[in-house]
Amino acid sequence: MTILQQMLRVFVLILFAGGALAQDGPADGPRAATGGAQTLEDILARQARQPVDDGFRREATGDPDAAAPVTAPLGTRGGASDSDLWRALRYDSADVTTRNNGPAATVLIQDGGMWWLRFREGPLLGYGAWFLIGTLGVLALFFLLRGRIRIDGEKTGRTVTRFKAIERFAHWLLAGSFLLLGLTGLISLFGRKYLIPTFGHEAFSTFAIGAKWVHNNVSWAFMVALVMIFLFWVIHNLPDRTDVKWLLKGGGIFGGGHPPAKKFNAGQKLIFWSVILLGGSISLTGLALLFPFELHLFAPTFQKLNDLGVPGWLQEGRSWPAALTPQEEMQYAQLWHAIVSLVLLAIIFGHIYIGTLGMEGAYDAMGSGEVEEQWAREHHSLWLDEVKAREAGTDRAGTKGAKA
Amino acid sequence: MKAMLLAVCAMVVIAVGANFALRNYAGFSAQERTTVGESVRLDR
Ligand code: HEM
Chain A
1 MTILQQMLRV
11 FVLILFAGGA
21 LAQDGPADGP
31 RAATGGAQTL
41 EDILARQARQ
51 PVDDGFRREA
61 TGDPDAAAPV
71 TAPLGTRGGA
81 SDSDLWRALR
91 YDSADVTTRN
101 NGPAATVLIQ
111 DGGMWWLRFR
121 EGPLLGYGAW
131 FLIGTLGVLA
141 LFFLLRGRIR
151 IDGEKTGRTV
161 TRFKAIERFA
171 HWLLAGSFLL
181 LGLTGLISLF
191 GRKYLIPTFG
201 HEAFSTFAIG
211 AKWVHNNVSW
221 AFMVALVMIF
231 LFWVIHNLPD
241 RTDVKWLLKG
251 GGIFGGGHPP
261 AKKFNAGQKL
271 IFWSVILLGG
281 SISLTGLALL
291 FPFELHLFAP
301 TFQKLNDLGV
311 PGWLQEGRSW
321 PAALTPQEEM
331 QYAQLWHAIV
341 SLVLLAIIFG
351 HIYIGTLGME
361 GAYDAMGSGE
371 VEEQWAREHH
381 SLWLDEVKAR
391 EAGTDRAGTK
401 GAKA
Chain B
1 MKAMLLAVCA
11 MVVIAVGANF
21 ALRNYAGFSA
31 QERTTVGESV
41 RLDR
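Top to bottom, those sequences are chains A and B.
Each residue of the first sequence is one higher than the one before, starting from 1 at the first, in this note's numbering.
Each residue of the second sequence is one higher than the one before, starting from 1 at the first, in this note's numbering.
None of these hints come from the bench; they were simulated from the model.
Where is the CB? At the ideal position from N, CA and C, for every residue including glycine.
Heads up, a few of these hints could be off.
[Claimed, not checked] Away from chain B, derived, C-beta distances all over 12 Å, residues of chain A: (1) 66; (2) 164; (3) 167; (4) 180; (5) 241; (6) 270.
[Claimed, not checked] Below, in silico cross-link-like pairs of lysine to any residue (SDA-like), each with a Cα-Cα straight-line distance of 25 Å or less: (7) B:2 to A:357; (8) A:155 to B:8; (9) B:2 to A:363; (10) B:2 to A:115; (11) A:212 to B:21; (12) A:212 to B:5; (13) B:2 to A:349; (14) B:2 to A:335; (15) A:164 to B:2; (16) B:2 to A:180; (17) B:2 to A:358; (18) B:2 to A:212.
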C-alpha cells in the first residue's frame, strides 16, 4: 500500500467519524443547517440584545448512557466529547469533583476580578487616605476656629452620675476593639502599597500575620460591645422634638447658647445611630469575609434594589448584577466593608475629638462616670432636671441623695 | 479608669477565646472546610 493510499484511508475514516458525530445534532428543526450549532439568527438576536434561547448549547453536554463501548471507536469518550464537557462546565451542570471542594472551586472563570483589584488598589486607597487625612484637617481647623468648648458658668463642685460602670465597660470594649480593628484593617488595606516598600516583604509579612490575627479575633469583642451599647442606650436615642430645636440652633456650637437636651443631644444621637447601623453593616460584611462564601449578601440586595428601581434613579435603564459568582460576592463584601469602615472611622475621629480635646468636662462621663453638675446643666439640661427630680424622690424615701 | 482596664482585659479574653473556639470546634481552617479526600476524582 502506498503512502498515498494509507492517507486516503485515514481521510475516509475521519470523514466517516465526523459524519457520525454530526448526526448527534438535530437533523431537522431551526438549527439543522448548522448541525445544531448557533445560527445567524442567534448572532443577530444577541447583537440586538434580544433574548437567545441557548438550550441548544446548554443541553448539548453529551449522553453517557448512549456511549459506545470502550472498545469501539470513540468509546473512550464516554459519550461526552471535549466540547460537551466544556459546555457542561460553562453552564455549571458538570458533575465536578476536585480535591478542593470549597463553594467556589467549580467556578473556573469569573470576570469581576480585575475590576475589583483595580478599584481596591486605586481609588479606594487614594480617596480613602485623603478622606481620613482630610477629616483630621477639618477637626484641626475646627479647633483653631472654635477652640475648646468650656464650661461657661461657675463650677459647682458637685457631680452627678452619668454612666454606670457596666455602661462605661461596654463603651470602652467598643472603643478599644474598634480602634484596634481600624488600625489593623488599615494595615491590611494599605500594607502592600505603603508598608512593603518601607519595611520589606519579610518584616511586613510577620507584621501582617499578626495584624490579621488581631483583626479576625478582636472583631468578636466589637460585635459583643455593639449589642451591649445598643441595648443600654437605644431608649435614650429615639428621635424627638428636642432634637429638631437642637439641630436648628446648630447645637449652639458657635456661640448660640445651650439648646436644651435630654440624656443625648441630636448630635450624639447621630453618632449613636451611625455606630449602630454602620457598625452593624461592617460586622455583617466582616462575617461574610471571615467565613468565605457562606453568606450571600449582595446578589439578593441588588435584586431587591432592582425591583424597587433604585439603579434607574442614577441612570435610565440601569440595573445591578443580581447573579454573582461566589468570588464576586466576596469582592463586593470586601469593598463595602472597607468603605463603610473608612466612613465610620472619620465619624469616630470627630467623636473622639469632642469627647477629649474639644469639650471641657466631657471625658469624665466615660472616665469616672461622674460629671460636673454645671456641665450637665449646660449640655443636657433636661436630663439633669430628670436626675434631680429622681434624686429628690429617693431622698424623700430616705435613701442616698445627690453626691456632694 | 477601672472600666477601661476591665474592657481591655475582656477584649483580650474574647479574642483568644474566639480563636480557640473557632480552631477547635468550628472546623475553622481552609483545609478542613474545603478538601474532601486524598484523590482528585476516583475515590467516590
Ligand atoms: C478614645 C476614644 C474614645 C473616647 C475618648 C470616647 C469618649 C466618649 C465620651 C466622653 C462619651 C460620653 C459623652 C457624653 O457624656 O455625653 C462617649 C459616648 C459614646 N461613644 Fe465614645 N469615645 C471613644 C471611642 C468610641 C468609639 C470607637 C465608639 C464606637 C465605635 C464610640 C461610641 C460611642 C457612642 C455610641 C457614645 C454615645 C453617643 C455619644 O455620646 O456620642 N466611642 N464617648
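Here is what the structure says about each hint:
{"no.": "1", "hint": "66", "result": "holds, 22 Å"}
{"no.": "2", "hint": "164", "result": "violated, 9 Å"}
{"no.": "3", "hint": "167", "result": "violated, 8 Å"}
{"no.": "4", "hint": "180", "result": "violated, 8 Å"}
{"no.": "5", "hint": "241", "result": "holds, 33 Å"}
{"no.": "6", "hint": "270", "result": "holds, 24 Å"}
{"no.": "7", "hint": "B:2 to A:357", "result": "holds, 21 Å"}
{"no.": "8", "hint": "A:155 to B:8", "result": "violated, 33 Å"}
{"no.": "9", "hint": "B:2 to A:363", "result": "holds, 14 Å"}
{"no.": "10", "hint": "B:2 to A:115", "result": "violated, 48 Å"}
{"no.": "11", "hint": "A:212 to B:21", "result": "holds, 17 Å"}
{"no.": "12", "hint": "A:212 to B:5", "result": "holds, 23 Å"}
{"no.": "13", "hint": "B:2 to A:349", "result": "holds, 24 Å"}
{"no.": "14", "hint": "B:2 to A:335", "result": "violated, 37 Å"}
{"no.": "15", "hint": "A:164 to B:2", "result": "holds, 12 Å"}
{"no.": "16", "hint": "B:2 to A:180", "result": "holds, 19 Å"}
{"no.": "17", "hint": "B:2 to A:358", "result": "holds, 24 Å"}
{"no.": "18", "hint": "B:2 to A:212", "result": "violated, 28 Å"}
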